[in-house]
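Peer 1: Below, each chain spelled out in residue letters.
4 protein chains.
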Amino acid sequence: MSTFGTLFRVTTYGESHCQSVGCIVDGVPPGLALSESDVQVQLRRRRPGQSNLTTPRNEEDLVHLQSGTENGVTLGTPIGLFVQNKDQRPHDYSETDLYPRPSHADWTYLEKYGIKASSGGGRSSARETIGRVAAGAIAEKYLHDAYGIEIVAFVSSVGKIHVPSSPPSTSPQTSGPADDADEAEDVLSQEFRDLLHTITREQVDQHTTRCPHPETAEKWSRSSTRLPIRIIRAKEASDSIGGTITCVIRGAPTGLGEPVFDKFEATLAHAMLSIPATKSFEIGSGFKGTEVPGSKHNDMFVKKEGGGLTTVTNWSGGIQGGITNGQDIYFRVGFKSPATISQAQATAQYDGTPGFLAARGRHDPCVVPRAVPIVEAMAAIVLLDQILIQNSRKAAATLLPRITTLPPSMVIPPRD
Amino acid sequence: MSTFGTLFRVTTYGESHCQSVGCIVDGVPPGLALSESDVQVQLRRRRPGQSNLTTPRNEEDLVHLQSGTENGVTLGTPIGLFVQNKDQRPHDYSETDLYPRPSHADWTYLEKYGIKASSGGGRSSARETIGRVAAGAIAEKYLHDAYGIEIVAFVSSVGKIHVPSSPPSTSPQTSGPADDADEAEDVLSQEFRDLLHTITREQVDQHTTRCPHPETAEKWSRSSTRLPIRIIRAKEASDSIGGTITCVIRGAPTGLGEPVFDKFEATLAHAMLSIPATKSFEIGSGFKGTEVPGSKHNDMFVKKEGGGLTTVTNWSGGIQGGITNGQDIYFRVGFKSPATISQAQATAQYDGTPGFLAARGRHDPCVVPRAVPIVEAMAAIVLLDQILIQNSRKAAATLLPRITTLPPSMVIPPRD
Amino acid sequence: MSTFGTLFRVTTYGESHCQSVGCIVDGVPPGLALSESDVQVQLRRRRPGQSNLTTPRNEEDLVHLQSGTENGVTLGTPIGLFVQNKDQRPHDYSETDLYPRPSHADWTYLEKYGIKASSGGGRSSARETIGRVAAGAIAEKYLHDAYGIEIVAFVSSVGKIHVPSSPPSTSPQTSGPADDADEAEDVLSQEFRDLLHTITREQVDQHTTRCPHPETAEKWSRSSTRLPIRIIRAKEASDSIGGTITCVIRGAPTGLGEPVFDKFEATLAHAMLSIPATKSFEIGSGFKGTEVPGSKHNDMFVKKEGGGLTTVTNWSGGIQGGITNGQDIYFRVGFKSPATISQAQATAQYDGTPGFLAARGRHDPCVVPRAVPIVEAMAAIVLLDQILIQNSRKAAATLLPRITTLPPSMVIPPRD
Amino acid sequence: MSTFGTLFRVTTYGESHCQSVGCIVDGVPPGLALSESDVQVQLRRRRPGQSNLTTPRNEEDLVHLQSGTENGVTLGTPIGLFVQNKDQRPHDYSETDLYPRPSHADWTYLEKYGIKASSGGGRSSARETIGRVAAGAIAEKYLHDAYGIEIVAFVSSVGKIHVPSSPPSTSPQTSGPADDADEAEDVLSQEFRDLLHTITREQVDQHTTRCPHPETAEKWSRSSTRLPIRIIRAKEASDSIGGTITCVIRGAPTGLGEPVFDKFEATLAHAMLSIPATKSFEIGSGFKGTEVPGSKHNDMFVKKEGGGLTTVTNWSGGIQGGITNGQDIYFRVGFKSPATISQAQATAQYDGTPGFLAARGRHDPCVVPRAVPIVEAMAAIVLLDQILIQNSRKAAATLLPRITTLPPSMVIPPRD
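Chains as they are written, first to last, in the UniProt record's numbering: chain A, 1 to 416; chain B, 1 to 416; chain C, 1 to 416; chain D, 1 to 416.
These are computed hints drawn from the structure, not numbers from a lab. These numbers come from a predicted model, not from an experiment. Be aware that one or more of the hints could be misleading.
Chain copies aren't distinguished; within one or between two, either way the pair holds.
[Stated by the list, open to error] EDC-like mimics (lysine to aspartate or glutamate), calculated; alpha carbons at most 20 Å apart, straight line:
| id | residue 1 | residue 2 |
| --- | --- | --- |
| 1 | K296 | E236 |
| 2 | K304 | D351 |
| 3 | K296 | D239 |
| 4 | K303 | D351 |
| 5 | K86 | E60 |
| 6 | K303 | E95 |
| 7 | K303 | D97 |
| 8 | K304 | D328 |
| 9 | K296 | E191 |
Please model the entire structure based on the sequences and the hints provided.
Peer 2: If you want it as structure tokens, here you go:
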């Protein structure tokens with residue numbers, strides 16, 4: 001349904017052409033400095049009309065906080081907020097009255113509810129994500145102020161053009177069945193790992209595609225306009241193209257994630273796959289990690305400065321056994337090519353009559369640049385919820401009298 | 001935590017070396033014929049010791065239903081069940097007392113709880129999945145009896161050896177930057193799509209690796225033993241190897257999935273990523289679908305025999321806008337290489353002292369064959385829960401007086 | 001937290017002096033005719049300033065539906081709605097800055113959150129209930145249209161003045177220890193049972209106190225003003241007085257309530273005790289039923305016209321074993337006397353300094369007349385949620401093949 | 001359904017005549033010393049057959065912990081536990097095959113599920129409460145060890161015989177309309193308040209009826225047998241009688257309870273009304289508090305030794321605005337007279353045929369003495385869950401930088 005989270009809980013509402021879209025954010029820690037501008041900055045990054053790469057429907061998307069703060073500080077009570085839908089034009093989509101858009105939600109919504117919003121995508125519209133982004137911005141504010149946590153997402157591929165992440169091949173693909181050989185190289189190149197460890201939102205936003213890798217951005221760009229050619233090409237072909245977003249969370253504490261069903265990566269995958277148009281998710285080494293032997297894939301432990309352990313490598317993506325280990329958490333989300341395109345498609349009407357549908361109106365040829373703050377928002381929501389739950393456990397354990405008779409194998413006391 | 005689901009709800013308990021492992025299954029539809037053998041069949045498929053490919057720890061894993069049925073029929077009340085842990089040997093893992101296993105849950109559990117089970121993997125053990133498989137078998141029984149739904153998972157890759165799924169390349173990879181070209185071919189080959197549409201569990205179980213593709217199984221096998229050489233090789237190297245499991249659900253009704261946060265694929269991803277050792281998930285075209293233009297990726301509609309619509313292709317994997325469309329639902333889950341290996345690894349003790357750890361005991365060099373029924377179980381649990389929720393909505397809508405004044409764009413009445 | 005319900009789910013926001021108060025209503029059945037006036041009618045009944053019995057703060061409380069409907073019909077998607085807070089005067093409660101109001105939430109909110117709204121009651125204000133009433137009105141619209149269910153609440157006591165509900169005493173209280181005697185009389189008088197069975201909202205609203213019993217209303221009233229003297233007296237004394245509300249649900253189907261923790265009366269009690277100022281709840285015979293022997297208290301079965309069974313009496317209040325039996329569901333909720341009074345009270349400041357607090361401003365001397373629609377709303381929310389859950393189970397059971405071999409004791413087939 | 005709680009979560013299973021009854025307790029704080037005897041002590045108090053007042057069905061009810069502890073300490077993972085059903089006699093209740101017991105759950109279970117357990121009360125049996133009591137004992141162990149919290153319940157009435165709680169009447173009920181007079185006296189007598197503040201389980205258990213008030217216990221007793229005559233009388237009449245249980249929680253921290261829907265008393269009422277046979281709940285002054293003017297009912301604040309505030313009186317029952325204030329939390333729960341009695345009742349068969357039912361077998365004439373540990377258990381479960389949630393918030397708030405610019409009315413800093 002439209003509520004997500006246990007202790008930090010977001011509930012959203014709103015279709016594409018109704019009065020407003022918004023959400024209620026419950027469980028916000030009290031005493032947090034928060035103003036509308038903290039939310040607006042991420043809504044602005046989500047907005048369409050930022051360049052000629054995205055749909056020119058020019059909404060201002062100004063957020064209005066309704067409750068839960070006073071004098072710029074959170075009260076701990078629910079924060080209601082909304083953004084007006086300014087673009088409520090009368091219904092003019094005559095062809096989509098007859099045709100469900102292929103691979104869009106028109107037909108499945110009708111199957112599910114027996115009724116559907118008459119204009120636009122209804123609840124499956126991208127405007128639905130405004131509530132998520134706003135809630136995520138609130139979560140992020142807390143994560144930053146209390147923990148110094150940084151969450152940065154960026155576009156890691158458009159179509160077949162990927163930010164390079166594999167290490168240079170040491171063994172040229174020569175004789176012998178390659179699929180029978182052990183994977184000798186690392187999962188990710190040192191350069192990509194450095195990118196994950198240092199990337200900032202400012203760097204991400206320097207290019208309109210939100211790709212922080214100079215060579216790839218260059219490859220995507222025409223020298224004069226510096227626009228990504230892959231997206232331009234899709235647009236010119238009245239077509240669309242998908243892509244992937246990689247996201248990194250830096251500074252998360254250890255111990256987050258609730259076995260066995262709410263492992264950190266499980267709730268993260270839930271959150272990411274709930275974003276419109278997503279179809280895939282991988283964390284750490286992901287699918288590639290299925291091909292690397294354990295001896296190569298395992299992240300060896302080493303003493304950490306300041307106490308405790310850390311790992312030498314981080315193919316696990318910061319999570320082991322469903323629980324964070326203090327390393328960078330990184331994951332990748334795949335967005336399919338947008339379903340609404342303006343070239344004619346041979347499909348069928350709602351009643352089965354075959355025909356051709358060419359979507360009118362203006363549509364994003366590629367959504368991944370705009371989806372960057374949405375991925376960040378959902379990551380922040382998951383992270384804060386898991387922190388609140390784990391904090392509760394730690395506080396509870398701290399209050400108990402210490403049991404001194406446990407065997408070392410259960411508690412691993414300091415040894416000298 | 002250890003509960004999953006809304007109306008069909010599973011709660012599990014149990015560590016690797018405690019008295020028993022089990023679960024409580026709540027929300028089972030009343031009036032379902034159910035006996036222990038319905039559950040046992042899937043537990044048997046999950047069991048280790050089925051061949052020399054998996055750990056020889058020979059448990060019988062007999063399930064004991066405790067409640068919720070009478071005369072072989074469900075009462076609608078919770079079903080408690082358990083399987084004894086017969087292999088409760090005294091703690092003898094002296095080295096894992098000193099060393100957290102790299103990429104295993106030993107250290108993160110300690111960070112999370114401040115205490116951990118002294119022997120074995122505790123709650124992160126594969127034995128935890130017994131409860132899931134049992135609950136899934138109950139869900140499946142209902143899905144089969146009420147809807148004729150079939151759920152079949154199989155091993156689609158071990159290491160780098162994949163069941164071929166790409167169509168034959170029509171354009172030989174020649175001139176021009178390949179990453180700049182539109183993806184002209186189909187996402188999946190016709191052969192693989194046929195496999196998805198027809199595969200049965202009997203076929204899957206014909207090979208010990210649960211790979212139903214003859215050529216790949218052949219490739220994996222030594223002629224004499226018919227054992228998969230990739231796994232044998234890992235075992236002989238005291239190493240381990242990962243793989244992927246592909247699963248298909250056939251016969252699911254339309255309309256399942258709860259926007260916006262509990263989209264069908266979102267809850268499915270949640271369920272799959274909660275299985276130990278999983279790191280990645282994709283549904284339908286998945287990551288490959290990010291590279292295919294919308295015009296090629298869209299599943300065109302066509303009239304369905306018997307009424308309604310269906311799609312010509314099914315790159316969406318049976319889900320559009322987070323809601324099932326009646327097509328086959330197929331998805332792929334990646335399992336990393338098992339962390340516990342018996343070759344020596346240069347790592348650190350809990351207190352940071354560097355050293356070498358070589359895991360004693362017997363460990364699976366590859367878990368994917370055994371994980372097949374676990375994937376099926378979690379799929380069944382998600383599916384039944386979503387069916388119950390959607391049934392509720394449909395029943396509610398049916399009771400309302402029909403509104404006859406709605407514009408066609410909202411309801412799409414039959415047209416002639 | 002601020003979300004209530006499983007399939008029909010309400011989330012509210014809003015303090016007394018913030019921008020607006022409102023809610024998101026998720027899980028509304030699709031295809032329901034719904035307009036703002038359906039909601040407004042109950043908000044109007046909740047409003048203060050309806051007479052000189054309640055606080056004259058004259059809000060208009062106009063509801064604004066934001067989403068989830070189109071052309072006056074629900075889409076099945078969440079309904080966002082809000083009511084402006086028009087009375088956002090600058091903070092002028094100087095004394096309540098120093099003094100936490102005795103028996104109000106000022107001090108406990110500060111203990112809980114470490115911070116509190118500076119003016120008015122914050123989230124503990126009666127304005128919080130606007131979201132509940134709006135959500136309840138939506139639930140009621142469905143319950144009425146789909147089931148013909150009627151929910152009517154009324155004031156059954158103010159202070160010590162109760163609508164008479166006991167039967168006339170047959171045995172004059174004479175010799176012998178009365179507490180040792182069996183309760184010979186009925187739990188409720190025939191007159192009161194008739195009232196429960198026939199009372200309408202129109203009858204309830206005929207008197208400003210929402211007491212539908214003519215004699216009691218008369219007793220409460222001054223001949224000239226027809227105002228309830230008990231409330232007038234409290235007002236004139238700068239004091240306050242509590243009361244009880246009795247509510248009846250007529251027409252609910254059998255089978256509602258989810259054992260063992262979400263029995264119908266358990267969720268109903270949860271809902272009622274979440275209303276501000278409530279301290280007690282009883283269903284059916286309630287506390288009086290603890291004094292009546294089983295032989296007298298049991299509701300005997302009898303054949304029902306049209307099939308099935310019903311009960312001769314209904315001391316159970318329509319619920320047996322936590323599950324509705326088709327009879328009228330009736331219950332009573334106790335509201336303590338309002339905490340905010342304008343007479344001086346000897347209490348302490350936040351820092352412990354003793355002193356006197358006399359609340360300024362205008363305050364309800366008695367909240368029960370205004371609380372009538374709040375009780376109805378929470379009852380409707382509980383009822384619809386339970387109906388949706390039970391409908392899901394029934395739909396699931398219906399799809400199973402009928403098992404013909406069950407013993408009669410499990411299914412009770414028709415006998416001739 | 002059969003799961004209760006958010007962070008401390010109990011899921012139960014089991015019918016009266018199945019293999020076993022039990023539960024899974026999730027969210028137990030790690031590092032808690034816990035053994036089976038901690039649980040057994042409360043199960044023993046719940047057992048029937050403790051005296052000739054209760055049913056002689058002599059179960060031993062030995063609990064078997066299955067998981068979640070090692071070396072007598074909790075691991076933080078779920079605790080599975082069960083108690084064998086030893087009394088699984090073949091079905092012999094021929095009359096209850098034909099007749100649904102009046103005011104029992106037989107008929108409503110059949111209406112709900114379309115099927116029912118053939119023998120005994122199925123899931124509505126008192127044996128269902130074993131899981132609750134076991135889970136509550138675990139919660140209590142934590143509450144005791146970490147907070148020193150004490151929870152004590154006792155029987156406060158049987159039939160019409162009540163432990164006296166009203167203060168002595170100062171004004172003899174003479175002239176004038178009593179219902180028009182302000183309530184001049186206190187809500188509870190000083191003696192009863194002292195009882196609440198000091199009562200121990202040892203004192204409660206000194207009498208078989210678990211009534212700690214000597215005069216009342218005396219009144220209930222025959223000199224020779226010291227058995228409560230009211231219960232004996234019911235038994236001899238083949239009848240049954242209800243009663244009330246009062247419970248006090250001492251030592252709970254301030255700030256517990258989650259507005260607006262999960263106020264402390266709301267979740268407590270939910271928990272209590274989920275216990276079989278309960279029909280009413282009141283906290284603090286309860287229904288009597290509706291009759292007392294605010295000036296009399298308000299609990300005035302006073303400086304607390306050691307800092308902070310407390311209240312002079314405690315008519316609120318330790319909760320204000322839905323949040324605990326550190327005072328004793330006390331509440332009362334009403335249990336109706338048991339439905340199963342052995343005298344003949346004129347009722348109808350399942351098919352509507354009129355006839356007489358006299359329940360065979362042995363049945364409790366009064367359940368309240370045995371229900372004492374059940375009330376304590378549910379109170380402990382609610383309390384621990386709320387503590388865990390509030391601890392999470394406090395921990396979250398503590399990590400934020402302190403905002404120094406807030407007006408005093410929001411934070412009330414110390415004043416001199």
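Peer 1: Now, for every hint given, state plainly whether the structure supports it.
Peer 2: Verification of the hints:
no.: 1; hint: K296 / E236; in the structure: between (45 Å within a copy, 16 Å between copies)
no.: 2; hint: K304 / D351; in the structure: between (65 Å within a copy, 10 Å between copies)
no.: 3; hint: K296 / D239; in the structure: between (42 Å within a copy, 9 Å between copies)
no.: 4; hint: K303 / D351; in the structure: between (66 Å within a copy, 8 Å between copies)
no.: 5; hint: K86 / E60; in the structure: within (8 Å within a copy, 26 Å between copies)
no.: 6; hint: K303 / E95; in the structure: between (64 Å within a copy, 18 Å between copies)
no.: 7; hint: K303 / D97; in the structure: between (63 Å within a copy, 17 Å between copies)
no.: 8; hint: K304 / D328; in the structure: within (14 Å within a copy, 47 Å between copies)
no.: 9; hint: K296 / E191; in the structure: within (19 Å within a copy, 34 Å between copies)
In this structure, every one of the numbered hints holds.
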